[in-house]
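**Q** Chains S and G, in that order, are what the protein sequence lines are.
Position 127, counted from 1, in the first sequence is what the working numbering calls 127; the numbers after and before it change by one each time, with no gaps.
Position 253, counted from 1, in the second sequence is what the working numbering calls 253; the numbers after and before it change by one each time, with no gaps.
Just so you know, the hints here were simulated from the structure itself, not pulled from any lab data.
Watch out, some of these pointers could steer you wrong.
Computed far set for chain S versus chain G, every beta-carbon distance over 10 Å [said to hold, decoys possible]: (1) L63; (2) R68; (3) W175; (4) M198; (5) L228; (6) T251; (7) A292.
Listed next, with one range per pair, are the computed distances between beta-carbon atoms [claimed, not checked]: (8) S:G67 to G:F226: 56 to 62 Å; (9) S:G67 to G:R128: 40 to 46 Å; (10) S:L131 to G:I139: 32 to 38 Å.
According to the in silico footprint, chain G covers these stretches of chain S (three or more CB under 8 Å from chain G) [unchecked claim]: (11) 69–81; (12) 92–100; (13) 115–121; (14) 238–245; (15) 257–269; (16) 281–287.
We put the beta carbon where it would ideally sit given N, CA and C, even for glycine.
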Amino acid sequence: MSLSFRRFLAAVLLGTLASAAAEAHGLVLVMNSAEASLSVVDMDTHRELSRIPVLREPHHWALSPDGRDLLVGDTVGNQLLDLDPATFALRRRVAVADPYQLGFSPDGKFLTVNGNGRNQVDIYDGATLGLVKRFPLRRTPSHLAYAPDSGRVFVTLQDSDQVAAIDLRTMTVLWDEKVGKVPAGIMWLNNRLIVALMGEDGLAVLDPASGQVERRIRTGAGAHQLFLSPDRKILWVNNRVAGTTVALDPTSLQEIRAYRVSGGPDDIVFAPDGKLWITQRFARSLAILDPATGQIETVAVGRQPHGIFMNPAADAATLSASN
Amino acid sequence: MSPTLPFDLAAGWLEEHVVLPALYAVGLMNWEEVAFGWALFAVYGAAQVVLTYAVCVPLERWRPVERWPDARAVTVDILYTLISRVGLLPFITYVMFYRFQVTLNGWLTDNGFVPPTLEGFFPFLLGRPALTFLLYVVILDFSEYWRHRLSHVFDWWYSLHSLHHAQRQMTFWSDDRNHLLDDIIGFVWFMGVALLIGIPPLQFPLLVLLLRFIESLSHANARLRFGRLGERLVVSPRFHRAHHGLMAAGVASVNFGGVLPWWDMLFRTADFSHDYVPTGDPTAEEALATGSYAQQQWAGVRRLARTLTGREPHASAS
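One chain only, chain G, in its complex shape (with noise of 0.2 Å):
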């Protein structure tokens, strides 16, 4: 049986009985085809909430770096997840990047070029889709590498980003807590990388549902390392927790590796030493640590704007 029988058919049943019949109420069938396209989003997000939920929890509550009398700042990271892989944004951006692929894609073939695959350039992987997921990867987190690491170069770019890092209470809910400007952003970026190698946004998706858990898992609150060894091969909660210190925020941080921490040792931002070092950002305003979802949202834009405008200190490690 295919391993990932279980959530399409979840996905089917998802779109047969209740999107297909609210389309169809609302007088928007034109959107099923699409719509199906967010069932699976939406599944696998739900599969990898609940997977990533059934691992770290039980590791924060056997192993935590810290303990909080108040959680409370990290319930609104809960519902950064909930609309970061169930919710609204998969489908947008679901939406948008099919569509746009498709119309520059068909320009090109239009043009007399061949759209870029990666199978295109590498005629051998067509058939192997375990390789050519492992290649995709590879290179999307080496792009993800410098996407991260310019977020922390430019002040206009990290006081958006720095909504990630003022978190002091990090647990693996921290993962999806961006702004919303910086996930645009983000995934700008990704689109151009993906259509630069012709990633098809649906093929890998049980593959997909490991490297989000990965990426969750690294921003554990629980201490946990993977040897001497496998920290160089995938990035650990220690490793990652030292690019959330208190130390490295802004602009001098370190270990900005998303899944491989190859990149950093490569150029040479990889720091191996640091043990569980407290996390936040000093330089963040307190509401983007322990307000509501809006109130760090619309903190976020004020920070912005103080950047834009000269009136925010440069956001170097404080």
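The shape of chain S in the complex, shown without the other chains (with noise of 0.2 Å):
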């Protein structure tokens, strides 16, 4: 047995120890992306409680630092909608052009907001919301990376197989440099970033300072999300194209179990108990995975869904008072 995977069924039954002792419950907020509308599930029975309805096409959500908004991106209703995170009412639409992918940095200064389809970064002031600075940057701006200190972020540009670093500092882009076919989902790793090719068959390890490739680590066809688990033990990655979800050593980036996911896996949010739930795109569903077992259970949602946040404290008694 090696020494990644000891460690992964380690994180695996703590994680499983730890929701013995409090059981998950909370709320999920799923965005279904083709239907117009947020699913919010129930952690505890796994159904879905309700349907709140948006204008257009709600793709992904950002959470103030301070944990009192969250901020859901209509990108074609071109609003950004700030719910409350606790019940997911609604407190107001914010007027935004294209919000696809969007996130703050980790000091607050400033807000991200990719516009897909317009190819432009916008960089927001993270408490006003107001535009600092627009970025034009040919093609599709995807997904985005803060560097830890707040001092720049990083975009991936689809089209154009590209990753973009704007520095927050003199509001410039510092590089953008080929990295890959379709790069997709981006993090900021052990000082390098990672970038998931979805055009290829996994990742690729650059170097922030330059942008050039040092590594490429094989994954599965269509490589196109990452998130790191919460006790940082473990680097999951979704390839859409292989239909599966692959559990890494975000130290060595060797892979220590693949799961089969199917329906075109894409964003994760992880439960106390220590499964991951996880937005299949094509399959109007979310996969409920439990890694220790490899067991999945799915659970209905609307069409085409694709962010996904978690809140283990919400109550589903408040939410029904709210919404």
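Both chains are sitting in their own frames, so use the hints and assemble them into the complex.
**A** What follows is the structure, given as structure tokens:
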């Protein structure tokens, strides 16, 4: 048994033990991108409780650094929906052009919004949501990641096979480099950038200073998104074409185990009981993967579920009173 | 269970097991997201064809208006239907419309305008998808009435539209029989209106399926009427057949409505008096009626050229 696999099992076991002490409660919010709605799913019963209508096409979300505002981007509706993360009640709508992927900088100073259809990356003031600077970047800005010191944001440009680095202090583009076919998910990990290549069969590891590819890691065809487990012990990668969710050692980037997840696995959130909740883009469902057993339970939601947000502390009773 | 679930799952299966591996193999994974839009269109389009076939074929056999010893002219209409509902056309129109909508509405948002949507005009519609869709249907059908009517007013436009009217063996397959240039004009027209009211292309697929079914049914070679009241609520095969009548080809036509006959009644172009008239366009050359797909398209271009150079007679009723 390899060291990585032992660590993996330990992490899963710890998660399971923790769940025995505090059984998962709470709510999950799913962005149904082709049905103009948000599904609210009960974490206890694994059933959809309600569906919140939105204008057009919700894809991704960002939680404000103080945890008080959950922003959901309605891409074609050109709106940010400001929701209460505890009840999912709508507080206000903010007019923003083409909000696809979005995220607050770790220091909360900026909100970066990728305009996927309009080839632009907008930097907003994190407090006022006023536009600070727009960067026209061709083509198809997709996912984003910040440097831990909030000084730079890195954006994948899906249709031009590039990653661009933006300096948030000088508001200039530092570099834009070819990294491989159709880069999608991106993450800062161990002072390197890890990029999922949807047109290839794995990840590219980049030097964040120059954007040069240092090595490639094979995970499976159509690598799309990557997530670090809350305990930072496992890097999870979803492979869209292979239909797999793969666990990697975050230090060595070696594969620990691969799970078959059909239906176009996309975004992941981690439940306190150690299970992964994964949106299945083409299956109108969520897959709840138990990494200890490999068993998968599915939960029906709306058409083309994409982004997924979990609040284990949210309460269904509060939800019904507020929505 | 949601009634759209089987269609969505079929589209998902198509995307996951056919489209994605193909895109990956040829290095076009950047198209994977819009390809799912096509997969949905294709599945719903195929469902439209199957539903229409299942209903209309028995009807046409049970109570045909006409019987033809040789129905080869119908074959090309099947090709039109497949291209229009399942194949390339939905993909192109979806991608073009989507991209244009994102660009235009994003630009409007940047400049301080709220992009128009029906739900924006009437906020109570948000969260009432069925009612919202019905309003979209009424508005779009009104717009289609005028597009169709104008295609009979302008000679250059009718020279393209005459391909649709040239069919003497009209069946439910004839609905999609259009010249490509006429289709493009129709798409631009639709896009203009859809952008004005902010129509979401994939939000109401099942109801779109139903509407396309009504349009196909209205072309059926079947003695079918909906009764005195029903004919005034929804376009029937009898009502629409009058529009395709020999006497009505060209500028003097009647019954332009696609789904709702209300606009014909409102603008005094409705004619409920005719019973199952023969169809066709006596002013159209034979290739437009019985040629192959390519021959029909080329004949349409020739007729357009003749019209633009003043060599085509005025397309009035013969």
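**Q** Evaluate each hint against the coordinates.
**A** Hint check results:
Every CB of chain G is more than 10 Å from the CB of L63 (chain S) (nearest about 23 Å), matching its label as outside the interface. The claim that R68 (chain S) lies off the interface holds: its Cβ sits roughly 24 Å from the closest Cβ of chain G, which is beyond the 10 Å cut-off. Chain G leaves W175 (chain S) outside its interface by the beta-carbon criterion, the shortest separation being 21 Å against a cut-off of 10 Å. Not every Cβ of chain G is farther than 10 Å from the Cβ of M198 (chain S); the closest lies at roughly 5 Å, contradicting the non-interface assignment.
The beta carbon of L228 (chain S) is kept farther than 10 Å from every beta carbon of chain G, the shortest such distance being approximately 24 Å. The Cβ of T251 (chain S) lies farther than 10 Å from every Cβ of chain G, with a closest approach of about 29 Å, so its non-interface assignment holds. Distance to chain G confirms A292 (chain S) as a non-interface residue, since its nearest Cβ pair spans about 26 Å, more than 10 Å. In this structure the hint that G67 (chain S) and F226 (chain G) lie 56 to 62 Å apart at CB holds, the actual value being about 59 Å.
The hinted range of 40 to 46 Å is not satisfied by G67 (chain S) and R128 (chain G), whose Cβ atoms lie roughly 33 Å apart. Taken as a hint, the range 32 to 38 Å holds for the pair L131 (chain S) and I139 (chain G), whose Cβ atoms sit roughly 33 Å apart. For the stretch 69–81 of chain S, the proposed coverage by chain G is satisfied: 4 residues have a C-beta within less than 8 Å of a C-beta in that chain, meeting the threshold of three. Here's how the stretch 92–100 of chain S fares: 4 of its residues keep a CB closer than 8 Å to some CB of chain G, so the rule of at least three is met and the hint holds.
By the rule of at least three residues with a Cβ nearer than 8 Å to a Cβ of chain G, the coverage given for the stretch 115–121 of chain S holds, with 3 such residues. Taking a C-beta to C-beta cut-off of 8 Å, the stretch 238–245 of chain S contributes 3 residues in contact with chain G, enough for the three needed, and the coverage statement holds. Check result for the stretch 257–269 of chain S against chain G: holds, 3 residues qualifying (beta carbon to beta carbon below 8 Å, three or more required). A count of 4 residues in the stretch 281–287 of chain S with a Cβ less than 8 Å from any Cβ of chain G is obtained; the coverage claim is therefore met, three being the minimum.
Of the numbered hints given earlier, the model fails hints 4, 9; all others are met.
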